[in-house]
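Asker: So the chains spell out like this:
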Amino acid sequence: MEQLGFYILAFLAIISSIFMITRENPVHSALWMLLTFFSVAGIFVQLNAEFIAAIQVLVYAGAILVLYLFVVMLLNPKSKGFIRIPFRYVLGIVASFVIFVQVLLTLQSANVIGKAGVYTQEAYKQYGNVKLFGYELFSNYLVPFEVVSIMLLVAMIGAIVLAKKD
Amino acid sequence: MSGYLPIALMLVIAALIGLISISVGFLIRPRKPEKVKLSVYECGMPEFSDARQRYNVRFYVIAMLFVIFDVETVFLFPWAVSFDVLGLFGLIEMIVFIIILVFGYFYAWKKGALEWA
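Line order of the protein sequences matches chains A and B. When you line the first sequence up against this note's numbering, it's residues 1 to 166, in that order. When you line the second sequence up against this note's numbering, it's residues 1001 to 1117, in that order.
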């Protein structure tokens, strides 16, 4: 059952990302990317990473996609055909194939299963990923968390300074 | 894991409703296209330019602020879930976090980034 769910989600993710990069209308691409985000969020849920799934839906599908749409509208890409240059296709296919082989070889040679941490699958199932994450973040990683707020403040001020005229 | 089954069911049903209503309409509607029918309808008046225009950069500022406050909300979510273990300490932490971001909010307000005129 879970495996079936994974196959459906993975299939959706791959198909929608293929559609995303082949659409000519950038807004259509963005909508296909939304489907990719949602299916990846489903895969995260299957990995017991509910918090990342929530971020995926809230931040990526909600906010980042809106930002992309605004950038598309801001840049107003009218040009058609710049993706049709065959040489770029060839270059892209070769590059992604090289990366694919590299990832495959790395996965085969390396021992990808690391040591078990403090928070095992059982702990996740008992308390839930979000609660454990929250506890760790707000007790042991307190300073990074507060630094994040300053980072967000800088980003906010930076965006306003760059976009405002005066 | 089984708690997500209703969500999956809901997603499937939602997708099916969309698919079925579109395909039924496609199958039973008469198809007599003509030039006026296919033209862009804009409140009855003839359209004067392409819908694809460059938008004002103000929209971008609003989107950026939205992203930032959205990320802030994301941090509120695990805090709210684990609040019963964190207690008062967690509350103070979150108040500090929000106060720092409120400075940014007031800056945006003062600079008029939220105004539209």
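Simulated from the structure, these hints should not be mistaken for laboratory data. A portion of the hints provided could be inaccurate.
Said to hold, decoys possible - If you anchor each label on the Cβ, the simulated ranges turn out as follows:
id : chain 1 : residue 1 : chain 2 : residue 2 : range
1  : B       : R1031     : A       : A110      : 55 to 61 Å
2  : A       : T22       : B       : L1088     : 33 to 39 Å
3  : B       : R1031     : A       : L105      : 52 to 58 Å
4  : A       : Q121      : B       : D1050     : 24 to 30 Å
5  : A       : L31       : B       : K1035     : 55 to 61 Å
6  : A       : L31       : B       : L1088     : 54 to 60 Å
7  : B       : V1012     : A       : A95       : 47 to 53 Å
8  : A       : I18       : B       : L1027     : 55 to 61 Å
9  : B       : A1015     : A       : G114      : 35 to 41 Å
10 : B       : A1015     : A       : A110      : 24 to 30 Å
11 : B       : L1088     : A       : V154      : 51 to 57 Å
Cβ coordinates follow ideal geometry from the N, Cα and C atoms, glycine included.
Asker: It remains to establish, for every hint, whether it holds in the given structure.
Answerer: Comparing the hints with the structure gives:
1. R1031/B with A110/A: 55 to 61 Å: holds (58 Å)
2. T22/A with L1088/B: 33 to 39 Å: violated (54 Å)
3. R1031/B with L105/A: 52 to 58 Å: Since R1031/B and L105/A have Cβ atoms about 54 Å apart, the given range 52 to 58 Å holds.
4. Q121/A with D1050/B: 24 to 30 Å: violated (54 Å)
5. L31/A with K1035/B: 55 to 61 Å: violated (28 Å)
6. L31/A with L1088/B: 54 to 60 Å: violated (45 Å)
7. V1012/B with A95/A: 47 to 53 Å: Hint violated: Cβ distance 37 Å, outside 47 to 53 Å.
8. I18/A with L1027/B: 55 to 61 Å: Between I18/A and L1027/B, where Cβ atoms are some 28 Å apart, the hint is violated.
9. A1015/B with G114/A: 35 to 41 Å: At 37 Å between Cβs, range holds.
10. A1015/B with A110/A: 24 to 30 Å: violated (38 Å)
11. L1088/B with V154/A: 51 to 57 Å: violated (29 Å)
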